[in-house]
Structure formats: structure tokens, C-alpha cells
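> Hey, can you work out the whole structure from these sequences and the hints?
Note that the working numbering gives residue 223 to position 119 of the sequence shown, counting from 1, and the numbers run on in steps of one.
Treat the hints loosely; a few may be bogus.
To be verified - Keeping only pairs whose Cα atoms sit at most 35 Å apart, straight-line, the calculated DSBU-like set for lysine-lysine is:
id	residue 1	residue 2
1	179	147
2	162	336
3	290	238
4	179	231
5	231	142
6	142	257
7	290	231
None of these hints come from the bench; they were simulated from the model.
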Amino acid sequence: MTGRTVAKPKADATFDSRLFRGLKQETIVTVKQPMGSKQNYDKFLTQIMNIWNRHHLKNDEDSWDIRGFYEDVSKDLAGLDYGADHVELFQATRLWLLDPSLEGIISSSSFEVKAGLFLSALINNGKDEDYQLKLHGLTQLWYVGFRNRKNIKAYGTLGHGCAEEMECGRIEVFGDVLSQSCYLMKNGSVIIHGSAGHVGGLIEAGEIRITGRIDSLSKNSGQDVRIYQNEKLIFADGKLVGVLNE
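See below:
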């Protein structure tokens with residue numbers, strides 16, 4: 105399938121300043137080393153960093169090929185033996201060092217897109233079902249939970265495209281999300297303990313619960329979609345049944 109491309113944000117876009125606020129590291133992340141020898145642990149990180157360095161977002165002047173990148177990374181991850189502890193170690197000991205914002209550099213959003221898609225592929229190809237992402241202090245990552253099939257708890261504010269093309273499983277976000285969350289979602293459950301930008305768009309099925317404010321909500325989703333705001337049902341049977349932010 106031809107990779108879907110997404111437009112790069114313009115420098116003067118309204119949301120641009122939101123992407124880079126709060127970049128100061130807020131918490132110290134502590135993780136346990138997975139069971140096994142240090143040699144195996146080091147080998148895993150080397151393999152993952154080789155995959156990270158080998159793949160780049162294909163783009164033209166205005167867009168990125170997110171599907172192509174995700175699929176290419178997933179092919180390289182297939183067959184590797186790792187689980188939730190390994191993913192947590194990667195984000196705590198390597199991903200932090202790759203974030204240009206920690207050096208005071210404002211990127212063109214390519215890191216945010218690449219890192220979010222990379223973590224999504226890493227989780228979907230892991231052997232465990234449950235994963236935690238401790239993202240406080242990182243730049244707001246895009247496309248966390250892309251094509252998700254697992255159970256994810258994400259701590260921190262997320263960027264655009266959370267749970268896009270989600271297939272099944274559960275994503276729980278302890279923080280805000282920016283726009284385009286749950287776009288083309290096929291099924292599963294998404295819980296956002298915070299506010300959201302634009303939500304939905306061509307959702308086939310599933311349940312979405314948001315505790316905070318919702319900027320806008322797509323109306324073109326299926327009969328098997330249920331969306332709640334503060335426990336109040338606002339979308340069901342293919343139509344709005346409640347009032348946003350009431």
C-alpha cells in the first residue's frame with residue numbers, strides 16, 4: 105500500500121508553539137534492567153539504535169511518508185526477542201539523548217514524528233501485551249499508538265495523531281493530546297485523562313473517553329463508535345448525541 109503522507113506544520117501555524125512548550129525535563133526516569141545478562145541488554149540496544157539510524161522519514165517539501173516509515177521499521181524489528189522492559193529502557197536511556205529539544209534545539213518536527221512512529225512499531229512487535237511510556241519532559245511525540253494492537257499507558261503530553269489507525273487494544277494517556285487523535289481508528293479503547301484537540305475522523309468502531317476539553321469532534325464515524333466526555337455520552341450510532349464541553 106502506498107504510504108500515507110502528512111503535511112509538515114508551517115512555521116506560523118497556530119499549534120506550532122504548543123509543540124515545543126514544556127520541553128524542560130521534569131522528572132527523573134528510573135527503570136529496571138530486564139532479566140538476562142548485561143551483554144544481551146547491550147546487544148538489544150545496539151540492534152535498536154542500528155534500526156533507528158538506518159531508517160529516515162521519506163519526505164518532500166511539505167509531507168512525510170508515515171506508513172512507509174512504520175512498515176520499514178516493523179520489518180527490521182520482526183524476529184527480535186524483546187518485551188516491555190526493553191522498550192522502557194530504550195526510551196529512558198537512548199530516546200532522551202536523541203531529543204534535540206534537550207539541547208535547546210527546535211526541530212522541524214521530524215524527531216517528534218519519527219520517535220512516535222518508532223515507539224509504536226517497537227511496541228507492536230514486542231512479545232508483551234502491556235507497555236508504559238514515561239514521556240514527561242520529552243518533546244510532544246506524534247503518532248504514539250499508530251496501528252496499535254497492545255495495551256499502552258502513556259504519561260505526559262502527546263502530539264498529533266495519537267491512536268491513528270489503531271487496530272485493537274487499549275491506550276490510556278495521562279496528559280493532554282493535540283489534534284487528529286483516533287483518526288481512521290478501527291477498534292479498541294482510548295482514554296485521555298486530559299484535554300484533546302480535534303478528535304476522530306472515519307472511525308470504524310471502538311470507545312473513546314476524554315476527561316477534559318475537546319476542541320472539535322469529527323461527525324463522520326461509524327455506528328459502532330462511542331465517545332464520552334467526562335463520562336457523558338456525546339457520540340453514538342454515527343451521530344452527535346451530546347454537546348461538547350457542556
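> Run the distance test for residue 290 versus residue 231: straight-line Cα separation, threshold 35 Å.
holds (22 Å)
> What's the verdict on residue 142 and residue 257, does the C-alpha distance respect the 35 Å limit or exceed it?
holds (27 Å)
> Going straight from one Cα to the other, do residue 179 and residue 147 come out at no more than 35 Å?
Given that 35 Å is the threshold and the Cα spacing comes to 18 Å, the pair holds.
> Does the alpha-carbon distance linking residue 290 and residue 238 stay inside the 35 Å limit?
Status holds; Cα separation ~26 Å.
> Holds or violated: are the alpha carbons of residue 179 and residue 231 at most 35 Å from each other?
holds (15 Å)
> Does residue 142 sit within 35 Å of residue 231, going by the straight-line distance between their CA atoms?
Judged against 35 Å, a Cα distance of about 20 Å means the pair holds.
> Hint check: residue 162 vs residue 336, CA-CA at most 35 Å. Holds or violated?
violated (41 Å)
When held up to the earlier numbered hints, the structure conflicts with hint 2 and nothing else.
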